[in-house]
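Protein chains in written order, with this note's numbering: chain W, 38 to 374; chain L, 333 to 603; chain B, 333 to 603; chain Z, 53 to 314; chain U, 53 to 314.
If you're looking for bench data, these hints aren't it; they were derived computationally from the structure.
Treat each hint with caution, since some may be false.
[Unchecked claim] Computed cross-link-like contacts, DSBU-like style, restricted to lysine-lysine with a CA-CA straight-line distance of at most 35 Å: (1) W/K103 to B/K382; (2) W/K202 to W/K281; (3) B/K375 to W/K143.
[Unchecked claim] Derived contacts from chain B toward chain U, CB cut-off under 8 Å, selection only: (4) N337; (5) R342; (6) L423.
[Unchecked claim] If the Cβ cut is set under 8 Å, some of the chain W residues that face chain B in the computed set are: (7) A190; (8) V193; (9) P209; (10) V213; (11) Q266; (12) A270; (13) G284; (14) E288.
Remember, predicted model here, so these are calculated numbers, not experimental data.
Ideal Cβ placement from N, Cα and C applies to all residues, glycine included.
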Amino acid sequence: SGPSNEAPKPKSEFNIGWSIYAGWMPWPYAQQAGIVKKWADKYGIKINIVQVNDYVESVNQYTAGKLDGVTVANMDALTIPAAGGKDTSAIIVGDYSNGNDGVMLKGSDDLKAIKGQSVNLVELSVSHYLLARALNSVGMKLTDVKTVNTADADIVGAFASPDVKAAVAWNPQLSVMKGQAGAHEVFSSADIPGEILDLLCVDTATLKANPKLGKALAGIWYETVALMQRKDAEGQKARAAMAKLAGATPENFDSQLSTTYLYSDPKAAVAAADSPKLVTTMTLVRDFSFSKGLFNGATSADAVGMAFPGGKTLGDAQNVTLRFDDSFMKMAADGKL
Amino acid sequence: MRWVNRHVRRGEGVLLGALPILLAVLAYLVAAAQRHAQNPADKILPLPGKMADSMAALLFDADPLSGQLVFWADTLASLERLGLGIGIATLMALVVGLALGALPPVRATFGPLVTGIAVIPPIALLPILFIALGLGETAKVALIVIGIAPVMIRDITAHVSSLPREQIIKAQTLGASSWQVIIRVALPQAMPRLFHAVRLALGPAWVFLISAEAIASDVGLGYRIFLVRRYLSMDVILPYVAWIALLAIVMDLALTFVNRRMFPWAHGESH
Amino acid sequence: MRWVNRHVRRGEGVLLGALPILLAVLAYLVAAAQRHAQNPADKILPLPGKMADSMAALLFDADPLSGQLVFWADTLASLERLGLGIGIATLMALVVGLALGALPPVRATFGPLVTGIAVIPPIALLPILFIALGLGETAKVALIVIGIAPVMIRDITAHVSSLPREQIIKAQTLGASSWQVIIRVALPQAMPRLFHAVRLALGPAWVFLISAEAIASDVGLGYRIFLVRRYLSMDVILPYVAWIALLAIVMDLALTFVNRRMFPWAHGESH
Amino acid sequence: MGPWRKPLSTLLSLRNVWVEYGDRIVIEKLSLDIAAQSFVSVVGPSGAGKSSFLRLILGQEAPSQGRILLDGEPLTPECGPDRGVVFQRYSVFPHLSVLRNTMFGLECPKAPFSARLFGSARKAAREEAVAMLEAVGLGHSLDLYPAQMSGGMQQRLAIAQALVMRPRILLLDEPFGALDPGIRADMHALITKLWRDYQLTIVMVTHDIREAFSLGTRVLTLDKRRHDPHAPHRFGATVVYDLPLDKKEQLALAEQRSITVD
Amino acid sequence: MGPWRKPLSTLLSLRNVWVEYGDRIVIEKLSLDIAAQSFVSVVGPSGAGKSSFLRLILGQEAPSQGRILLDGEPLTPECGPDRGVVFQRYSVFPHLSVLRNTMFGLECPKAPFSARLFGSARKAAREEAVAMLEAVGLGHSLDLYPAQMSGGMQQRLAIAQALVMRPRILLLDEPFGALDPGIRADMHALITKLWRDYQLTIVMVTHDIREAFSLGTRVLTLDKRRHDPHAPHRFGATVVYDLPLDKKEQLALAEQRSITVD
Ligand SMILES: Nc1ncnc2c1ncn2[C@@H]1O[C@H](COP(=O)(O)OP(=O)(O)OP(=O)(O)O)[C@@H](O)[C@H]1O
Ligand SMILES: Nc1ncnc2c1ncn2[C@@H]1O[C@H](COP(=O)(O)OP(=O)(O)OP(=O)(O)O)[C@@H](O)[C@H]1O
Ligand SMILES: [Mg+2]
Ligand SMILES: [Mg+2]
């Protein structure tokens with residue numbers, strides 16, 4: 038299947054949406070520092086890096102076709118565009134959350150104390166998934182707690198309220214919540230490494246018609262990441278600029294980066310994409326998503342098909358709408374950009 | 333006949349009024365059909381059949397966890413919050429509006445404060461609201477009240493303070509004290525305007541309700557809309573919005589009706 | 333002297349009006365000091381010194397990359413959106429309100445549609461709005477317009493349609509057509525009410541502006557508030573909110589002043 | 053004014069007209085012809101239905117039963133510049149100054165789009181309006197707004213506004229009630245002159261019997277013919293006296309008046 | 053009414069009072085004493101300042117210069133149940149029926165908190181109000197709202213509303229202007245009776261010179277003493293004639309009137 042009966046014509050201007058998250062800050066920095074323009078010029082195209090303040094809205098806009106690509110977490114790529122029938126290619130596996138998401142409790146440092154409590158979190162998001170995995174790790178189920186949907190922007194304020202005893206959040210909010218008196222992180226994504234992946238996804242049809250876009254994006258990404266990883270003044274300057282863009286202090290931003298496992302080397306990213314562990318992870322994620330009714334009314338977890346490097350598929354092979362495409366990362370690894 | 337003089341009979345009025353709404357519905361159907369012709373899985377403008385399916389599940393199938401019928405539980409929760417919020421705001425508008433409108437020293441003292449509160453966007457101060465009121469029902473009702481009451485108060489104040497001076501003088505020559513002027517002259521004449529103000533506040537009240545439910549909630553029409561917004565499930569959002577519109581229009585009509593019934597003197601053709 | 337008769341002189345009025353606002357500030361300071369006594373790192377009610385520090389950075393230090401002074405860039409961007417939004421809404425309120433208020437067949441046809449639009453909470457339809465209008469300025473301005481115009485339209489409609497019937501008749505005996513009744517009788521008498529409606533809409537307009545900027549923007553007062561909200565930086569949020577309130581109050585006063593100046597007939601003491 | 057006006061053609065006819073508000077009958081079975089260029093005075097007790105009667109002719113209200121004919125055609129419930137009116141409660145435009153209130157009627161027909169005149173047309177209209185305002189004694193109050201005027205001044209403004217149009221049919225509802233005797237006499241002279249010069253048809257409600265007789269060519273009395281003391285609203289008013297006046301009677305009365313009062 | 057009322061104590065005195073609106077002088081250097089229990093008729097041209105004069109006594113407006121004394125004390129710019137008023141534009145409460153409008157004044161003083169009476173007190177107030185309404189000819193319209201009444205009916209309601217209070221000072225601004233001669237005569241009799249029985253002090257503005265003389269014990273004429281033809285608003289009005297009347301004159305006039313009109 039595929040969304041369109043007519044193949045999109047090659048075009049020269051593309052919009053890539055991003056929202057504030059530690060692992061995605063290289064994108065706006067690359068835009069400001071001229072790296073985007075450099076690579077776009079090289080391939081004779083124009084790329085606009087568009088900020089969408091609200092994460093959900095950025096993914097919605099991508100699904101609706103207003104953006105050609107978007108920064109998104111693996112679970113949301115599956116449940117929003119892919120489950121909505123939009124054929125999507127994940128061309129860059131940027132990082133995985135290695136403590137960027139966490140379960141917070143007030144007054145106890147034992148996860149088991151969460152039983153029966155109300156937990157504030159962004160429902161049906163990776164936080165929800167993390168909570169499910171956390172409960173699983175101590176032999177509980179989601180039904181053992183009560184979830185209260187809370188907007189991501191408000192979760193810090195909510196956690197400051199005496200009413201709220203438990204919450205699940207991601208960075209930068211999580212780092213502020215950890216600073217609160219009597220608050221304990223009882224479970225984090227570091228306990229399930231590699232399961233919460235942060236991707237750059239692009240519309241498959243657009244990518245097919247314009248492979249240059251994929252090359253330019255990969256070029257931008259790995260140049261910027263290499264720059265920010267440098268330990269010298271240059272690297273520090275780049276990180277400080279990203280911190281400012283994220284509204285954080287440089288120290289706070291560095292601490293966020295420390296819980297983000299950046300695949301700064303394209304080889305590592307290719308390895309992660311090719312690893313069978315990705316299939317296992319995505320199986321867990323899709324089973325959770327399906328159990329929460331996120332597959333658009335489908336009757337089986339197999340309804341949405343996924344393709345992995347090397348021709349492996351998961352779910353309905355006739356209806357593949359999420360493709361992990363390592364070809365551009367490979368080009369970067371091989372220095373062919 | 334000149335258009336200013338063309339009066340429309342009741343039956344005709346209903347017909348005429350339905351026309352643009354039907355046209356809007358038709359326009360939607362055409363647009364949706366077009367999008368679906370291009371992409372049969374389009375989520376943005378779902379077809380009626382899809383909406384009916386999704387809604388049927390929410391309407392008739394009990395939630396396995398809570399055992400509730402989701403749609404009705406949402407409606408009940410939202411209406412309760414809305415009713416409380418509008419009720420409190422209306423009461424405040426009446427009491428504060430009367431005091432401010434009828435008593436110049438009170439107006440001088442508290443008018444600027446009310447203006448200040450009216451122009452401060454409450455959603456910017458949510459963290460403070462959370463600390464003060466927690467995250468429960470109180471905070472949601474409070475957000476509605478803070479959102480709509482100042483506008484209503486200012487409207488009633490303006491109305492009461494522009495009552496003809498003669499009436500106030502006349503009441504005093506008839507022995508009325510300030511208190512009596514307020515309850516016998518200002519209050520009854522403020523009532524039709526209060527009804528009008530509530531009608532105008534209905535739209536904003538729903539906005540604040542939905543915002544409140546979007547912030548922290550586990551049931552409610554706004555909660556559901558924001559939850560499924562993550563998945564661009566317009567097949568749920570659109571029927572929910574239509575339902576909200578229907579509820580609001582019914583409230584609007586009921587208010588108009590009660591207003592005309594209770595205050596005939598304010599609506600009789602004068603000459 | 334009875335309170336209804338106590339008139340407050342201008343100077344006294346300013347003093348009286350400042351009183352509760354000063355008290356509110358004082359209450360804040362006490363609460364903040366208390367919280368800081370318990371937890372010196374408290375972020376929710378920051379002390380004035382902390383706010384001044386944070387604001388100084390936004391006010392005077394240029395952003396290294398863009399070279400802009402953040403605070404002023406935010407203010408400019410927001411005011412532009414707000415101005416456009418309120419301007420368009422006001423114009424719509426005037427044109428549509430006059431047509432609906434003065435021409436019964438138009439009112440019968442489009443009144444229900446306007447009511448429908450008025451009661452649909454626009455934030456529930458944000459996805460559609462942004463999809464239809466893109467993520468640029470248009471969508472933000474449109475959200476403000478959709479948010480405030482219907483209430484304003486309904487207010488002007490109600491005002492115009494309750495103009496004394498005698499005036500309409502009188503104008504026709506003086507040879508006026510429907511069009512002339514609208515522009516020479518209804519329009520000028522709707523103007524003072526329009527100013528009032530804009531004043532009442534200021535608060536909601538800021539709410540919608542902030543909501544729009546919270547979702548899709550990269551500059552603006554609302555954007556900044558939502559950006560730093562992730563860090564619970566009340567030391568930035570509170571000054572920003574105070575600044576918004578100040579801007580709004582200045583607009584409110586300016587509107588009141590212009591209204592009195594331009595339409596003396598509507599404000600002169602009548603007897 | 054005089055008998056040569058009498059046999060002129062019928063301008064307005066009311067045929068078996070009723071006016072009801074809910075179950076309250078105000079006007080009952082009223083049939084009446086009004087000749088062109090007549091000056092009809094209407095008198096009757098307070099609440100009888102005189103203002104309602106004027107509203108019928110004005111087209112502001114439609115009768116609940118019966119027909120009204122203007123020049124033999126059914127009257128559309130709508131009024132135009134052929135009919136002028138001074139309402140009982142002086143209703144002038146509160147947002148226009150005295151001068152603009154009076155110029156309004158001169159501007160509308162000539163400027164269909166903007167309803168405002170410019171240049172020489174404006175100057176001419178202004179002069180005409182000022183002349184009329186001077187005739188009603190408001191020559192020195194051109195720039196006042198209605199809220200700044202006394203009751204009598206607003207009344208005179210309403211009169212000037214209607215007269216400057218020289219309508220075919222002029223409807224006056226107690227137009228001189230709020231005026232002092234001096235100004236009232238000036239107004240009588242003014243209206244008589246305009247009536248004669250422009251061949252208007254005038255219907256005037258008044259409570260001043262002498263005024264009714266001195267100005268009118270015909271005096272109508274509206275009152276209830278039957279009374280139910282327990283439900284007075286069950287019967288409506290109709291014409292109980294209809295006196296055509298000839299010139300002599302009028303002159304005599306006018307003279308008597310000027311002796312008694314002035 | 054008669055000369056025995058004349059030498060009574062001064063109730064109200066105005067000392068060098070001015071009323072100005074911006075640069076428009078309305079009342080200029082007015083000094084005047086009004087005796088208790090007198091019936092003062094005020095006449096004068098339209099726009100002279102008669103209504104402004106009443107507003108001064110009422111306390112609705114403060115003079116821009118000068119002092120007003122009531123019983124020798126400075127008048128607070130506030131009015132209470134000791135003063136009653138009928139405004140020129142009949143101003144009744146639009147949200148109350150005829151009966152409730154009239155009962156209002158009876159309820160307020162007796163029920164400070166609720167401003168409503170219940171039980172027998174209510175019945176008594178109702179009876180008193182109905183009696184007064186019958187006296188002004190509105191006995192059959194108890195449940196109408198002002199918007200459903202004719203101009204004259206609203207005027208009579210305003211009169212009933214004021215009279216039912218029997219205030220010490222009653223201020224009437226053209227109270228009988230909108231009434232037909234029959235009802236007007238009834239009203240004259242009513243007001244004279246109440247004035248005599250309750251020893252009221254009445255100040256009445258009227259345009260009917262005969263009414264002024266037949267009812268009043270004193271007739272004041274307010275007018276400008278000086279005129280600047282180019283800037284008429286630069287001079288204000290003051291009392292130009294002040295005629296105390298004795299009983300004989302009044303009776304004669306009253307008789308003449310009943311012959312001429314009825
Ligand atoms: N608010 C105001 N601003 C300016 N002038 C005013 C204002 N109110 C009244 N006036 C002027 O004061 C003068 C006196 O008005 P007032 O109503 O007292 O007259 P009056 O003697 O009662 O006249 P009438 O017999 O017509 O009722 C008028 O010339 C009027 O123009
Ligand atoms: N909207 C209405 N509803 C009910 N009754 C009404 C309404 N309007 C007028 N009436 C009644 O119609 C009757 C006639 O009113 P109208 O104004 O024609 O009297 P009028 O002869 O002009 O009296 P006046 O001399 O006092 O002005 C009155 O008894 C009044 O109560
Ligand atoms: Mg009448
Ligand atoms: Mg007057």
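_Given hint W/K143 paired with B/K375 - CA-CA distance at most 35 Å_ = holds (17 Å)
*Has the given pair, W/K202 with W/K281, been kept, meaning a C-alpha gap of at most 35 Å?*
Holds, because 31 Å separates the two Cα atoms, which is no more than 35 Å.
*Residue hint W/A190, partner chain B, criterion CB-CB below 8 Å*: holds (5 Å)
*Would the hint on W/G284 stand, with a C-beta cut-off of 8 Å toward chain B?*
At 4 Å from the nearest chain B Cβ, W/G284 passes the 8 Å test, so the hint holds.
*Was the hint right that W/E288 lines chain B, CB cutoff 8 Å?*
Nearest chain B Cβ about 12 Å off; hint violated.
*Close enough to count: is the Cβ of W/P209 nearer than 8 Å to one in chain B?*
Given a least distance of 5 Å, the restraint on W/P209 holds.
*Is the shortest C-beta separation between B/L423 and chain U less than 8 Å?*
Check failed: Cβ of B/L423 comes no nearer than 34 Å to chain U, outside 8 Å.
*asked:* Just to be careful, I want the Cα atoms of W/K103 and B/K382 compared with a cutoff of 35 Å; is the pair within it?
replied: violated (41 Å)
*Interface hint for W/Q266, Cβ within 8 Å of any Cβ on chain B*: With a minimum Cβ separation of about 20 Å from chain B (threshold 8 Å), the hint on W/Q266 is violated.
_Evaluation of the interface hint that places W/V193 against chain B, nearest CB under 8 Å_ = holds (5 Å)
_So, as I understand it, the hint says W/A270 touches chain B; can you test that by seeing if any CB pair is closer than 8 Å?_
violated (14 Å)
*Measuring from the C-beta of W/V213 to each C-beta in chain B, is the shortest one below 8 Å?*
At about 5 Å, which falls below the 8 Å cut-off, the nearest Cβ of chain B leaves the hint on W/V213 intact, so it holds.
Hints 1, 5, 6, 11, 12 and 14 from the list above are not met by this structure, while the remaining hints are.
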